[in-house]
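There are 2 protein chains.
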Amino acid sequence: MLKFNEEQQVKDIQGALELRPEVENIVDEIYDRGFDNIFYLGIGGTYASAMQAVTYINGKSNLPVYVQHAAEYYTTGNKRLTKESLVIISSVTGTTEEVVHATKMVKEVGATILGFIDTKDSLLSKICDYVISYPNPGTEQLKFFMVADRLMYKQGEFTDYTEYYKELDEHLAVGLVEAEKEADEFGRIFAEKHRHDAMHYFIGAGNQWGAVYSYAMCYWEEQSWLRSKSIHSAEFLHGTLEVIDETTPVTLFIGEDEQRPLSERVAKLLPRICGDSTFIDTKDYKVKGISEKYRGRILTVLLMHAVTQRIDAHVEKLNCHPLDIRRYYRQFEY
Amino acid sequence: MLKFNEEQQVKDIQGALELRPEVENIVDEIYDRGFDNIFYLGIGGTYASAMQAVTYINGKSNLPVYVQHAAEYYTTGNKRLTKESLVIISSVTGTTEEVVHATKMVKEVGATILGFIDTKDSLLSKICDYVISYPNPGTEQLKFFMVADRLMYKQGEFTDYTEYYKELDEHLAVGLVEAEKEADEFGRIFAEKHRHDAMHYFIGAGNQWGAVYSYAMCYWEEQSWLRSKSIHSAEFLHGTLEVIDETTPVTLFIGEDEQRPLSERVAKLLPRICGDSTFIDTKDYKVKGISEKYRGRILTVLLMHAVTQRIDAHVEKLNCHPLDIRRYYRQFEY
Numbered sequence: 001m002l003k004f005n006e007e008q009q010v011k012d013i014q015g016a017l018e019l020r021p022e023v024e025n026i027v028d029e030i031y032d033r034g035f036d037n038i039f040y041l042g043i044g045g046t047y048a049s050a051m052q053a054v055t056y057i058n059g060k061s062n063l064p065v066y067v068q069h070a071a072e073y074y075t076t077g078n079k080r081l082t083k084e085s086l087v088i089i090s091s092v093t094g095t096t097e098e099v100v101h102a103t104k105m106v107k108e109v110g111a112t113i114l115g116f117i118d119t120k121d122s123l124l125s126k127i128c129d130y131v132i133s134y135p136n137p138g139t140e141q142l143k144f145f146m147v148a149d150r151l152m153y154k155q156g157e158f159t160d161y162t163e164y165y166k167e168l169d170e171h172l173a174v175g176l177v178e179a180e181k182e183a184d185e186f187g188r189i190f191a192e193k194h195r196h197d198a199m200h201y202f203i204g205a206g207n208q209w210g211a212v213y214s215y216a217m218c219y220w221e222e223q224s225w226l227r228s229k230s231i232h233s234a235e236f237l238h239g240t241l242e243v244i245d246e247t248t249p250v251t252l253f254i255g256e257d258e259q260r261p262l263s264e265r266v267a268k269l270l271p272r273i274c275g276d277s278t279f280i281d282t283k284d285y286k287v288k289g290i291s292e293k294y295r296g297r298i299l300t301v302l303l304m305h306a307v308t309q310r311i312d313a314h315v316e317k318l319n320c321h322p323l324d325i326r327r328y329y330r331q332f333e334y
Numbered sequence: 001m002l003k004f005n006e007e008q009q010v011k012d013i014q015g016a017l018e019l020r021p022e023v024e025n026i027v028d029e030i031y032d033r034g035f036d037n038i039f040y041l042g043i044g045g046t047y048a049s050a051m052q053a054v055t056y057i058n059g060k061s062n063l064p065v066y067v068q069h070a071a072e073y074y075t076t077g078n079k080r081l082t083k084e085s086l087v088i089i090s091s092v093t094g095t096t097e098e099v100v101h102a103t104k105m106v107k108e109v110g111a112t113i114l115g116f117i118d119t120k121d122s123l124l125s126k127i128c129d130y131v132i133s134y135p136n137p138g139t140e141q142l143k144f145f146m147v148a149d150r151l152m153y154k155q156g157e158f159t160d161y162t163e164y165y166k167e168l169d170e171h172l173a174v175g176l177v178e179a180e181k182e183a184d185e186f187g188r189i190f191a192e193k194h195r196h197d198a199m200h201y202f203i204g205a206g207n208q209w210g211a212v213y214s215y216a217m218c219y220w221e222e223q224s225w226l227r228s229k230s231i232h233s234a235e236f237l238h239g240t241l242e243v244i245d246e247t248t249p250v251t252l253f254i255g256e257d258e259q260r261p262l263s264e265r266v267a268k269l270l271p272r273i274c275g276d277s278t279f280i281d282t283k284d285y286k287v288k289g290i291s292e293k294y295r296g297r298i299l300t301v302l303l304m305h306a307v308t309q310r311i312d313a314h315v316e317k318l319n320c321h322p323l324d325i326r327r328y329y330r331q332f333e334y
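Chains as they are written, first to last, in full-length UniProt numbering: chain A, 1 to 334; chain B, 1 to 334.
Bear in mind the hints are in silico, worked out from the structure with no lab data behind them.
Incorrect hints may appear among the rest.
A pair holds if it fits inside one copy or across any two, identical chains being indistinguishable in the list.
[What the hints assert, rightly or not] With a Cα cut of at most 20 Å, we get these calculated SDA-like pairs of lysine to any residue:
1. K83 / I127
2. K193 / E170
3. K107 / Y130
4. K193 / T278
5. K83 / G59
6. K83 / K104
7. K79 / N37
8. K83 / P64
9. K60 / G77
10. K60 / M105
11. K104 / S125
12. K79 / F35
13. K79 / V67
14. K79 / P64
With these hints in hand, go ahead and build the complete structure from the sequences.
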């Protein structure tokens with residue numbers, strides 16, 4: 001299989017899960033001290049992960065948690081982000097300009113900053129109050145959700161936290177590589193069919209909204225240089241549907257959280273107005289050892305990524321386009 | 001001038017401004033009673049207007065105000081929307097399925113609902129605690145901002161509220177029709193050039209983010225059946241930029257609020273990577289009688305709409321495509 005190192009991928013997920021004692025110590029300390037609001041702060045891909053974490057928490061918890069866009073923070077500001085607030089960030093390089101700028105301001109306000117910063121000696125690492133370094137960008141959502149889960153546990157809103165993580169610790173990593181193997185043939189066919197699309201529409205809701213947002217922008221546009229548009233399932237029905245016809249390539253991500261019905265509604269409509277639609281439904285990927293009731297949490301987020309990763313690997317090869325090159329980003333000053 | 005009734009348009013804006021005593025009475029009553037959180041709730045176009053109002057307030061106020069997507073509300077929920085909350089909605093027909101569904105749930109929670117419902121005897125009118133009916137969809141943002149301004153005034157955060165509205169009452173309506181006249185030739189040229197674009201990118205930030213979001217979706221996609229993608233100026237630099245080249249049609253909306261620098265950064269980059277970009281800068285439209293310091297509030301929101309309205313009028317005529325027809329929306333059940 002292309003770009004697939006089973007052993008390494010299992011190790012990566014297992015390693016992220018092993019951060020849990022460290023996450024728990026930090027979150028418990030912050031929780032016991034108290035806070036007014038929680039902000040997941042990001043830009044681009046980390047903004048998408050922040051949206052996923054916040055949608056996840058909103059569906060299950062009373063915690064005052066919000067997404068804060070980094071660049072909107074240092075321009076518009078947010079008076080409800082105070083010295084009593086908790087701000088959670090993530091960065092691979094630790095140098096993302098807008099996040100550094102925003103985080104410096106957050107620091108001045110005096111909020112507590114918890115950062116998953118993969119580069120230990122970076123600017124961002126120095127600004128954070130708590131830093132967890134585990135250089136593996138593919139586990140960002142898992143890290144964000146681990147914080148969310150611990151916060152909900154402390155809040156008394158996740159009583160079976162221990163059982164839940166026992167299942168993840170034992171079955172998540174292997175479940176994901178198995179799903180990738182299962183999805184590879186789909187990924188190849190999809191890549192062959194769509195690798196020259198003039199435009200591709202990606203639709204999703206719930207924790208799949210952040211997934212389509214980042215998949216269209218960070219993978220198709222940024223990495224594969226393919227044009228794509230992401231649209232929330234509920235918003236699709238209020239405008240975008242009118243430009244869809246027989247030949248428009250549309251892919252719907254269907255997850256398993258509270259917003260699944262919004263995507264199911266689109267799934268019902270699409271075949272009537274579009275001759276080129278694909279549904280990726282996480283329900284089609286069984287994962288041994290993870291209870292049904294836990295699937296709508298982190299599992300479906302990572303399952304969707306496992307599937308789209310197969311598409312990307314084939315697009316990269318077929319289009320003769322290395323995913324790590326950029327035309328403009330960080331190539332010159334602007 | 002095409003589709004331009006100067007007298008009627010002045011009357012429409014003036015009429016909306018004359019709702020102010022009614023808005024003030026309602027807001028004062030609600031404010032004096034107290035609330036925990038404020039939610040602008042919407043979907044599609046009203047979701048975009050909600051984003052504009054909330055971004056506006058966040059830049060100037062300490063009010064706990066949030067955007068709440070209607071369909072996300074009745075699926076994911078929001079435990080911080082309580083019986084002490086204020087929910088603000090807007091609807092032309094008063095029957096938008098998702099908003100009716102969400103608002104019914106909000107009613108059960110017991111929050112106070114203030115609705116700008118253009119159809120008096122509609123379902124939504126009956127659900128709201130306070131209804132203001134002024135059948136003019138073009139004034140939705142002005143209504144949302146009037147509520148915002150009064151709330152900030154009550155909060156002690158808008159001390160020159162009276163002077164501000166004196167200027168709007170006297171100069172806004174005429175200023176907007178003058179801007180439309182000024183923009184008409186630009187609108188015609190833009191329409192002629194772009195009316196067959198396979199895809200058009202619209203970029204903006206601050207209160208222009210809601211503007212590009214709704215312009216791409218509710219005008220180009222829904223009304224003109226033209227493909228378009230909206231992207232926030234800050235997000236554009238984190239992915240979408242990579243698919244831009246010499247021949248990609250891109251239009252940047254530049255406003256005058258706190259996020260203007262985010263769009264100026266894109267304005268600096270675009271000419272270096274794109275041979276088909278257009279900047280619409282509200283600064284190019286002087287409006288007599290409105291002080292410089294007040295331009296970044298509702299004025300620039302409505303100015304941008306005045307300009308894009310000229311594009312739409314010409315596209316409608318040139319493309320022989322009536323803007324009020326729909327392929328799918330409300331044409332059949334789904």
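These are the hints, each one checked on the structure:
no.	hint	verdict
1	K83 / I127	within (15 Å within a copy, 39 Å between copies)
2	K193 / E170	neither (36 Å within a copy, 59 Å between copies)
3	K107 / Y130	within (12 Å within a copy, 42 Å between copies)
4	K193 / T278	within (11 Å within a copy, 33 Å between copies)
5	K83 / G59	between (26 Å within a copy, 18 Å between copies)
6	K83 / K104	within (13 Å within a copy, 37 Å between copies)
7	K79 / N37	both (11 Å within a copy, 14 Å between copies)
8	K83 / P64	both (15 Å within a copy, 16 Å between copies)
9	K60 / G77	between (28 Å within a copy, 9 Å between copies)
10	K60 / M105	between (30 Å within a copy, 17 Å between copies)
11	K104 / S125	within (11 Å within a copy, 46 Å between copies)
12	K79 / F35	both (15 Å within a copy, 18 Å between copies)
13	K79 / V67	both (14 Å within a copy, 16 Å between copies)
14	K79 / P64	both (15 Å within a copy, 9 Å between copies)
This entry does not satisfy hint 2, going by the numbered hints stated previously; all others are met.
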